[in-house]
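So the sequence lines, in the order shown, correspond to chains U and P. In terms of this note's numbering, the first sequence opens at residue 1 and continues consecutively. In terms of this note's numbering, the second sequence opens at residue 1 and continues consecutively.
If you're looking for bench data, these hints aren't it; they were derived computationally from the structure. Be careful, since some hints might not be right.
[As the list claims (entries may be wrong)] List time: in silico SDA-like cross-link candidates among lysine to any residue, alpha-carbon distance up to 25 Å:
| hint | chain 1 | residue 1 | chain 2 | residue 2 |
| --- | --- | --- | --- | --- |
| 1 | P | K67 | U | V29 |
| 2 | P | K240 | P | S194 |
| 3 | P | K177 | P | W148 |
| 4 | U | K232 | P | A190 |
| 5 | U | K136 | P | A134 |
| 6 | U | K232 | P | L189 |
| 7 | P | K67 | P | S90 |
| 8 | U | K232 | P | K240 |
| 9 | P | K153 | U | V130 |
| 10 | P | K67 | U | A25 |
| 11 | U | K232 | P | P327 |
| 12 | U | K232 | P | P193 |
| 13 | P | K65 | U | Y32 |
| 14 | P | K67 | U | K136 |
| 15 | P | K177 | P | E311 |
These are the residues of each chain, in order.
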Amino acid sequence: MNQRRPFFVTFLAPAIVTAVILAAAMFEVLQYSVREFIPGSLNVGGFTLDNFVRIQRPIYWWVLLDTFYISLLTAIFALVLSYPVAYALVRARRDWVRSLLVSLSITPLFTGEIVRTYSWMLMLGSDGFVNSMLQKISLIDMPLQIMYTRFGVVVALVQYSMPVMIILLATAISHVDRDCEKAAANLGANPSAVFWRITLPLTMPGILSGIVVVFAWTMSAFSTPQLIGGGKVLMIANLAYLQGFSVLNLPFAATLSLIALVSALGSLVLMKAVTGRLERRLAIS
Amino acid sequence: MKKLCIALGALAMTATAASAQEKLVISTWGGNWKDGVAIVGKEFTKRTGVEVDYITGGTLDRLAKAKVAGANPESDLTNTTAHVGYLYYSDGLMEKLDYSKIPNAADLYPMAKRSDFTVSDYVYIYSPVFRTNAMPKDFKIDSWEVLWSAAVKGKLGLPDFDPSHIIIAATKLAGVKPDEWDKVKPKLLALKPSIKAFYQSDATSQNLMRTGETPVQVMLNINGYHLEKLGLPVKIEIPKEGAVVGVDVWGINAGSKKKDLAQKFIDLTLDPEMLAQLCNFHKCSPMNPKTKLAPEIASLPGIFTTQAQIEKEAIVLDDKTYATLLPQWKLWFTENIMH
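So that you can see chain P by itself, here it is in the shape it has in the complex (with noise of 0.2 Å):
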């Protein structure tokens, strides 16, 4: 008995030091998101042999679990929005990348560098979409300004998380800097009438467009891509001042012991063949200009394949003032908007 115990155990151990040592732990969102990690995921695993695993959560639960495991983190790469990703390294949560090892970061456009500690492989715009058969027959948001019409009043829907795009798009209106938004206060009050509800997830997002409760709303492109593929007429608009968008990143844990690893996933993510399966599954906009995506993934409003089109269609800040400001904003949007 006692040698059979001694055999498990030991069996126990080497599997578990086996796992350990061939595993590349990802911390990423849960649903979709994670089936698109998983796209670059099984590929890593063809080519170099180690599994990959997957923790998936919120954006906020994982950055409170990371900053929790300090220097012994439970994954090796986190997979967060970039100015999330600035709390990661302003606290000492995040490796500096080695772009040197990462090979295919030479080739990605401008914005893609967050920082020495963050690079994003793809971006997604928030913008104002809306159902056609539930708004006038002429109806059309060719400018943000659009939303403060009678024509949206008490028909229009905000995620209750994050009010940075409508803050950013009045900043935009008013012509100034978003570090200026109190100059637009009373420009956001106006919008009160227009505003029917405030949703929090993605899915709420899908379902106040699709029983028709808030017929316009500032929406993830993504979101409304799917609604369409689903057979809701809606219409994603790109406002002349431009889309904002949202930028996801790539980041290595402190305390990773497999930063090699990681580098090369996160090279394989940059990549232009794995960049063109991950867009054309999330219909987003890859980062690397010689991503090739399929003809109507890239005739979508709010994807962008050149530099001269991000340049005119996207409404980009930088990460550290976005995580800065969006508490404040945050702050005044739930006193004085939302109740």
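This is chain U alone, in the form it adopts within the complex (with noise of 0.2 Å):
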């Protein structure tokens, strides 16, 4: 009897060889970790569990809590200031309009990580746009540290976020149903009521996707901290590639990165119990 094939095994190949490569460098990074670095040397030493001992030191936990700072504040502020553009993304009623909010929301993911953090730094910087213009309109007298701080580091990143939580939120908010709206707006809702009691939980799975996203995003940020941070403020990324790559010392690297990998997975696991329990209370009213 000729047996086929399922015709989607074909098509599965790639993801199961992209997924076993993976998980052979997940390996490696495992059994790095727990290697013995042997400082003027390429090679590694035996196995040890140095390196977990060295990361309870109070610097690592504090990288880790950073980490964990900058990509929630990322992920609420890039929630903020998207809304409002998905909104009107979706709900404008001209074309042009449309268009234009398009071309300015999807534009930038089309320029690289690096040009968009280069343009923040002429803008953040103690003679950039930003300080130039609040000494110009006498606002300030003397510059303002924006560059090498947090506050610097989320700007920059939120700006870069921003796109991919538009998209989403921009996909929630056109799945309203708009006969719920103008249901509750001829109940005698005003608009804001309709708004905050109608749309905004209807789009709260969108709302969750995006905050899950950015953070998740975040954590793994790497050029805008170390370019914007100036060394100063350490995202658990850099510290991994300063051991990694200025030292060659990969075990500590790479005990470093299966930290970060963790508290990444855990965190979300989290999240995604949150926003579930949420969702749940929300279908239920």
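Hints are included, so try docking the two chains, each in its own frame, into the full complex.
The structure is reproduced here in structure tokens:
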């Protein structure tokens, strides 16, 4: 009997190969994290837990906390700034307004992270656009320190994440049944009440996925904190890079990467649980 | 059709074989560094008829690739920093040089022959540099100690990839050896108020100086000269304790099938004529004393033209100590100074 393979097996093959390679790479990271670093050598030593002991020093906890804090702030600010844009994008009546908003929101995706970060360096520097403007209109006498601060890093990361957040929110807003809004308005709800009690809750799945995606994305941010943070604001990826690629201490860099991965996965599981609960509550109410 | 395919295949194989025979592959940095090597490469092709191909990348990226390639190297020759050269040859990734086939090596300053595997064609320095229009009028850095002064508070930029310069300077100030750097940890911690930012590359170093974000930096002299050329009022200082020397070296990749050609190339890089071209281009210090630099280059601060000047102004660390201590320095610096 001629048994035919299901057609999707062929299509699954690339995904399976990629997954196997990824798993092998992860295993390499894991095995490097428990190896001894030998200064002045390209080879690693025997098995050790020293890297995990070292990582318990307060500095690494602070960097991890900083990474969470910056990622959370980025997700929240990206949401707040992206929602009105996404709303206007979906609800604008004129085609040209929609086209303009699409271009403005999505175009940044086509410029590299480095290019965008360099632009922010020019904007936020001591003699950059922001400080020059504030000095010209006499709001400040001395330039504000924005570069090399968490604030500067968050500003650049928010702008970097906004296109993705806008796409996710616009999708959610476009799925809102307008009849529900009309029904609420017919029953006497003013536009503000319609938004807060109908539109916003119905777009909650998009809001929650936006937060999760941007949070996870920012957890692995590298170039932006590297350039805007100038070594004064370190995120976990920068720390791993400094150890791995400045001095080839690959075992310790692997330990840092592993901790970053576990923390990111842990926080995503936690967020998923919280958002799942929230979605269920919204569905019930 | 079949005949055409066979003919095309044969042609492709012949072309590949010919190019493999006639090309010397060099691994070096990108940008200006590659342009400098290409000056020698052009002359090499002119003299030998052998084409030169370049593979460019970062210092440690190239080292990692060489490690992965093992005995089948992608390049025949590697141009890297001296302490990274140590990592290459201590791991068996470089061939021993036959100095009898590199006659120009006999003329070099003693510090240029780094090992049996690596030889230096030129050096540069890391030294304090400042923007004259962003600092008080009488400000000067005649000693590394000035970087700890109130005048530099919140103005200093340092490389994030290599804290060795400031650590070596601190040991020099304290009168101890670099491997006794534990003794200067409190001194280094006292530098924290001076530091405003860390730079990641030559480009970000120049950018921080250009924008005035860090008007004082421990900077590569070549970057300082470049900023001067752009019209920026910067001053490159050589402190009385000396400037920390960075050494670039050449080594032959282990497993290279073109060892003789590679040695010929190294010999050419050490030729006084070639070094003059190279160092006038980079504004660096040639390791062959017979090199005649343009007077305006020779008079720049940090350009060494005699052995006496090297002894007076240069702080040079041996490659093994550098390679072994750098990871410890880096880890301590990240944990205690950067965050």
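Practice item. Would you list, in rising numerical order, the hints stated earlier that this structure does not obey? Key: 8, 14
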